[in-house]
Amino acid sequence: MKKTVPLFIGIAFGCFAVAEFYIPHHHVGALSNEFRQWAAILAASAFILGGVNILQVTWPQIRRREPDWRYKVVLLVSAAIMLLVGLPWHKLGSPAKTPTVERAATADAELAARGKAAITVVVDDDVTFMIAGKSAAGTGRPVVTEVDPGEVEVKLSRRVAGYRPLTAKVTVAAGERATVHGDPPMIWGRDGRVFVWIYDHIFSPANATMFALLAFFVASAAFRAFRARNVEAALLLAAAIFMMLGRAPLGRAISDVLPDVAQWLLDVPSNGGRRAIMMGAAIGAIATGLRVILGIERSHLGSDS
Amino acid sequence: MTRALLLAVLALVTVGSAAAQPTPSAPTPVVPLPPDLRPPSRAPDPGPPPVAPPLAGVTDLDVRVPDNDNGRHFAIRFTRAADVGEDVVTAVFRRRWGQVAATAVFPTMLGPADATPRTWSVEFAGPTPPPLGALAAGDEVGPWQVAEVLAGGETTLTDEVPPGQYEYVVVELRRGPGDTIVAASAGAVIGPRATEASWFNTDRTGYLGIVLLIAGFIGWYVWETRKGKALYVRRLPGVDAIEDSIGRSTEMGRPVLYVTGLEEIQNIQTIASLLILGHVAEKTAEYDTDLTVANYYPLTMVVAEEVVRQGYANAGRIDAHRPERCLFITAEQFAFAAGVSGIILRDRPATNIYFGSFFGESLLLAETGFTTGAVQIAGTAELTQLPFFITACDYTLIGEELYAASAYLTREPTLLANLKAADAFKILAMLFIVIGVALATAGVFDLGPWAFR
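Chains as they are written, first to last, in my numbering: chain L, 14 to 318; chain B, 6 to 458.
Check before you lean on any hint, since a few could be wrong.
Covered stretches of chain L, as calculated for chain B (at least 3 residues, CB under 8 Å) [as the list claims (entries may be wrong)]:
| no. | stretch |
| --- | --- |
| 1 | 31-45 |
| 2 | 151-162 |
Simulated DEER-style distance windows between Cβ atoms [said to hold, decoys possible]:
| no. | chain 1 | residue 1 | chain 2 | residue 2 | range |
| --- | --- | --- | --- | --- | --- |
| 3 | B | 451 | L | 30 | 30 to 38 Å |
| 4 | L | 280 | B | 169 | 27 to 35 Å |
| 5 | B | 257 | L | 30 | 41 to 49 Å |
| 6 | L | 30 | B | 431 | 23 to 31 Å |
| 7 | L | 137 | B | 389 | 47 to 55 Å |
| 8 | L | 69 | B | 169 | 52 to 60 Å |
| 9 | B | 389 | L | 65 | 32 to 40 Å |
With the Cβ distance kept under 10 Å, some of the chain B side facing chain L (calculated, not the full set) [said to hold, decoys possible]:
| no. | residue |
| --- | --- |
| 10 | 227 |
| 11 | 368 |
| 12 | 373 |
| 13 | 406 |
For the record, the hints were derived by calculation from the structure and aren't laboratory data.
The structure presented is a predicted model; accordingly, all values stated were derived computationally and were not measured.
Backbone N, C-alpha and C define an ideal beta-carbon position, used for all residues, glycine too.
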């Protein structure tokens with residue numbers, strides 16, 4: 014029973030997924046979107062299981078002080094920090110969403126005569142502001158901008174990510190002067206300052222370092238691959254030499270034929286082989302899919318016990 | 006506000022309509038600009054107001070349901086006048102059939118509903134004409150909605166709508182100074198047209214044929230095997246090496262590492278990888294060797310754990326199953342590579358198996374494994390990663406071999422029948438290629454409606 018029910022569910026949903034490709038009807042599309050949402054919810058819930066798995070695997074190793082247990086501590090502490098800073102704590106409070114706007118008591122006759130109004134922005138030097146679509150950087154001192162009378166949108170943003178911009182619509186009459194103050198508040202969560210800072214300054218460089226290692230691994234792998242131990246390896250070596258020379262300026266300096274040979278290697282033997290692999294893989298994928306959908310293959314269904 | 010804007014357009018449409026349909030005896034009328042369109046009177050009166058030339062409307066308006074539609078589209082096409090200028094744009098309006106405005110402010114159909122062609126007009130003039138930008142696709146104007154404003158001279162449009170019956174009006178609008186609309190043509194009206202959803206996409210008949218053909222081959226070979234016919238499947242050295250390498254791990258007292266790839270559970274390569282994992286788990290259980298499974302996604306980890314449990318159960322060693330050895334590493338590519346490399350360097354598995362979908366991290370994993378002296382078996386259908394695996398691993402399953410491995414390991418007749426079916430289709434595909442080459446050589450490139458689109 015434990016195996017039969019999932020088998021039938023698998024067959025039903027598998028057949029639906031295949032049928033959906035051939036049926037353009039909007040009802041089928043809507044149902045398919047619904048199923049995709051279910052799948053997304055399942056996948057998202059599985060991340061909780063993933064977190065539990067990490068805890069289950071690492072905590073006993075730390076407790077037993079197994080070799081390299083300190084790395085596990087780093088792992089758990091890092092995961093806990095990212096979880097904490099990834100939560101939108103700012104929503105618990107009520108940070109400002111609009112800047113403070115103060116208006117002068119009297120109208121400026123000179124401005125009024127010119128049919129203009131003025132907005133003064135007083136912000137720190139790490140804050141940029143935008144008035145009526147024009148942006149400028151704060152200097153720590155008052156910055157006066159002349160605007161046309163009417164409704165003017167003022168937006169204050171910090172230069173770096175992770176802060177909530179402050180926006181206000183200020184209605185000014187001709188000759189009126191208004192002053193805007195504001196300090197965009199820091200936010201938490203995925204777009205928050207701390208999360209973004211950790212991602213940009215710790216995770217990204219570490220990620221790039223891992224990627225950069227690939228260059229050295231390619232060199233060591235190529236060194237092994239290009240040893241002419243047998244006929245096939247010698248052919249590989251010859252093709253590699255032609256490719257490298259054909260793609261480098263040195264190759265054309267030696268002979269104009271080398272780039273053409275390199276291109277021919279790509280266009281004919283390499284392309285032919287690629288297509289053969291692709292077609293074989295596609296047919297294999299269809300056959301495997303049918304095997305699973307039709308219930309011929311059942312080993313993925315897990316145990317009955 | 007929007008309604009007022011459209012009323013103004015429709016007022017222009019009325020005027021334009023009159024201008025576009027002169028009586029035979031009268032000279033072509035000219036359309037004066039409404040007073041509100043005249044330039045501001047800062048300077049002395051410049052004289053008579055500018056005159057907007059009459060605009061010809063679109064003709065041959067046709068609205069139909071596209072082929073193989075999902076029931077949410079109309080294909081609209083029309084013909085524009087030959088001498089229409091670049092300052093003229095085409096506005097397409099739609100409304101649900103039978104939907105009438107609560108207040109009779111905007112366009113009414115004049116004449117009998119079934120008259121052909123029907124004319125489109127309005128009953129009163131509006132205020133200041135709106136800027137053209139005020140007519141954006143999706144804007145609601147009374148019961149009408151702007152389907153699209155075509156400014157590039159287009160004469161076709163595919164309009165997406167909720168299922169139902171619709172009526173369309175297409176109007177030419179002349180753009181004036183300040184992006185205002187200064188003249189409108191008569192509206193071409195068509196409708197009602199009902200959306201129609203297809204129940205079969207005929208463009209995909211060919212693909213269905215392939216799937217049915219393969220399914221037919223599978224059925225045929227399953228029937229053959231049930232009759233007792235033995236099926237020959239060629240050797241796959243990479244798959245044969247799995248058991249040998251597990252035996253080696255056992256002798257060395259080191260674990261086996263299995264990586265399920267970097268794609269999600271619904272990816273066919275991940276599914277193929279999990280199918281093979283069951284057999285690997287069964288072998289490690291028989292040999293009493295530790296098996297570590299590294300997963301990129303938690304959902305894959307959950308399924309992998311269940312598959313490994315089944316493998317241990319099949320070997321009668323469910324007590325030896327250790328769920329904590331099915332690991333969720335991380336869903337970040339190079340962090341995953343770092344995590345798995347760490348496992349390889351710390352645990353020093355004697356066998357590393359990489360089956361599934363891999364990307365840039367493939368060489369990082371395989372080269373790290375190489376440095377530890379492990380026997381490495383890889384299998385992927387990712388063309389770009391195959392050279393790396395071939396270079397750094399002892400055995401590599403290329404493309405289709407990954408999908409065949411599970412059936413090959415079980416030697417179960419029904420699964421082998423599946424392999425034979427794929428092979429039979431491959432022979433057929435080769436035949437098609439030869440025929441295709443012959444046809445292309447003969448200059449035949451179009452096989453008509455049966456060709457794959």
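Structure-based check of all given hints:
no.: 1; hint: 31-45; result: holds (count 9)
no.: 2; hint: 151-162; result: violated (count 0)
no.: 3; hint: B:451 / L:30: 30 to 38 Å; result: holds (32 Å)
no.: 4; hint: L:280 / B:169: 27 to 35 Å; result: violated (52 Å)
no.: 5; hint: B:257 / L:30: 41 to 49 Å; result: holds (44 Å)
no.: 6; hint: L:30 / B:431: 23 to 31 Å; result: holds (24 Å)
no.: 7; hint: L:137 / B:389: 47 to 55 Å; result: holds (49 Å)
no.: 8; hint: L:69 / B:169: 52 to 60 Å; result: holds (54 Å)
no.: 9; hint: B:389 / L:65: 32 to 40 Å; result: holds (35 Å)
no.: 10; hint: 227; result: holds (8 Å)
no.: 11; hint: 368; result: holds (5 Å)
no.: 12; hint: 373; result: holds (8 Å)
no.: 13; hint: 406; result: holds (8 Å)
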